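One-letter residues, chain by chain:
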Amino acid sequence: MPEVFGFQNLLASFAGVVFGLIVGVLPGLTVSLGMIILLPLTFNMSTEATMGMLLGLYQAGMTGGSISAIFLNIPGTPAAAATLIDGHPMAMKGEGERAVKTAIISSFCGGLIGLFFLVLISPLLAQVALQFGAPEQFSIILLGLALISGLAGKSMLKGILAGLFGLIIGTIGMDPLVGTPRFTFHFVTLKSGIHWLPVMLGAFAIPVIIEGSITTGVRTLLTKSIAYPPFMWISDFKRCLKNIIIGGVIGTWIGAIPGANAPVATFLTYDFCQRRAKNRKEYGTGIPEGVAGPEASNNAVAGGAMIPLLTLGIPGDTVTAVLLGAFVIHGLSPGPMFFQQHPQMVYSIFWLFLLAILMTFIIVTLSSRWLARICETEKYLILPIIVVLCVVGSYVYRNNFFDVAVMLFFGIFAFFMKKADFPIVPMILAIILGTELEKNVRLSIILGGGTLNEFFSSPIALSFLFFALLIFISPFFRGHTGWWKRLMSK
Amino acid sequence: MKKVDVAAGVFTLSLSGFYYFKITKLERRGFTSGELGPEVFPTLIIVPFAVLGGLLFVRGLIRRSETKEGGGGYWGQMAISMLSCIGYVVLLSQVGFLLATVLFLVLFVWLYGARKIWVIAAASIIPTAVIYLVFWRVFHILLP
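Taken in order, these protein sequences are the chains called A and B.
Letter 466 of the first sequence, counting from 1, is numbered 466 in the numbering used here, and no numbers are missing.
Add 490 to a position in the second sequence, counting from 1, and you land on the number used in the numbering used here.
Source of the hints: derived by calculation from the structure; they are not laboratory data.
Just so you know, these numbers come straight off a predicted model, no measurement behind them.
Any given hint might turn out to be false.
Claimed, not checked - Result set (BS3-like, lysine-lysine): computed pairs, CA atoms no more than 30 Å apart in a straight line: (1) A/Lys418 <-> A/Lys278; (2) B/Lys493 <-> A/Lys281; (3) A/Lys439 <-> B/Lys515.
Assemble the whole structure, with the sequences as input and the hints as a guide.
Here it is in structure tokens:
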């Protein structure tokens, strides 16, 4: 342990955390991109220092995304998209600092829960995650999409339509199994599809710009942040504890499943917390519980994603794929024998993970009051910068102007969607998950010889499908609110 | 009649029709009729999309309009914001990030109410320089 906390490792972890915060806050830059940028710098570093830097970036990137989500209504990372549902309304009513502090504490606890599972039950969880084939993948994604109806706000009909529209957008480009171009209108740029990142940037940020331009007589975009009393975090923590635990468990579980990703975990958590809350109607209006669950979840994903990487050598997402690359560069190959062959390294990683969580917590806590000053910034300063960040964020992802045009188009489209009371989140989630959903349903049917047998022979897939169905029909059983009434309600 | 829902219903039904037309034109080279081709998943999506769009359209027709419909006197400001954003992207592709962003920020900051020259100058030049330098020096990404 003392070697792990050596000066070089501490410095590397600090640099990773600071860099991760910048990556998290800036829209368009993802944690995986940040890691790719840092990776060449680690060639001459020790393995421990490399892991310290990359894990610091991972944790801080997940936390940093919530800051722009809360203050600017732009999720800095896709994992922070669920945070803005309650985080931004909190900032709008002057509780920006409270929202950030809730996010920091929840992220910290979520990270610890992820680490707890990583240390204690990683081999067991990894075995369960290994059983996830195409039918299980399909059913868990479908469950995520069924939650769309839960996030749909006032009208389930409009929520489902928004989700289906997202799936339609997701089919543009090459067919995920056989590579046939679909709905490309002979444009080469459309062959790679419409990426969710510019859509997400535009859909969340541009309506804020347009609405900001029509609210006259208001100097600041957000209400000046009310000072957060020193001990209020204790009562907020008690209030949010259940959601933090739920978020931590769901985040770890989803993170451990290769292919499932942080946005799925955060939306699953948000929906689960909302459904079981007594004050479920207050969700979406700006309450700390709505921030706590998703934030705990997205940081717990980091711990969960490390489980199949370390125990099976399977990277579940792009971030862990880059981490695997870092291991290989340093002459290590994670897998079933990793725990036996390099026990020292395994425990170093656990300690470095803890260091990353602690360092993120300290640095973000120290800077939160300063970050809350964003609320006091004049509207004429902050709105144009949001536009510039969105344009730059959508350009740098693939270095083309087509993505910038996509960002603008979906931004304006989302503005009209909001005016017509259509929720935006289901559309975004469907674009993110659409390709995987299609790939897995087709693979499952092919594996079943053209039948649905694969779904019925898997208890895991069946249980997920059952829950998806339950979510869709749950309003039918909810008191006097009938399914039809909810479907047709405004 | 609730015009917003009727309009959304018409949009949904029109999109469904167009999308279905494009599905029928998809290339199925190498697939026999019983196999899962590239048209299967789009067909699975478009059926509920069209049905629910029709439902929204009917609901819009039978529901009463609400007073907030009809917008307000802000369409001009909205149009200016949208056109400024579009203009910025067009300018960016033509003259590059530095010049386009400074010009855009000068216009936008002024439109949003800043009148002091030094405020406009600082609010347009400093963010442009900071964003450019961060992406160039820290992330090694050269903006256009």
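How the hints compare with the structure:
1. Of the supplied pair hints, the one linking lysine 418 of chain A and lysine 278 of chain A holds, its CA atoms being roughly 27 Å apart against a limit of 30 Å.
2. For a cut-off of 30 Å, the pair hint linking lysine 493 of chain B to lysine 281 of chain A stands: about 27 Å separates their Cα positions.
3. Taking the CA atoms of lysine 439 of chain A and lysine 515 of chain B, the gap is about 21 Å. The hint holds against a cut of 30 Å.
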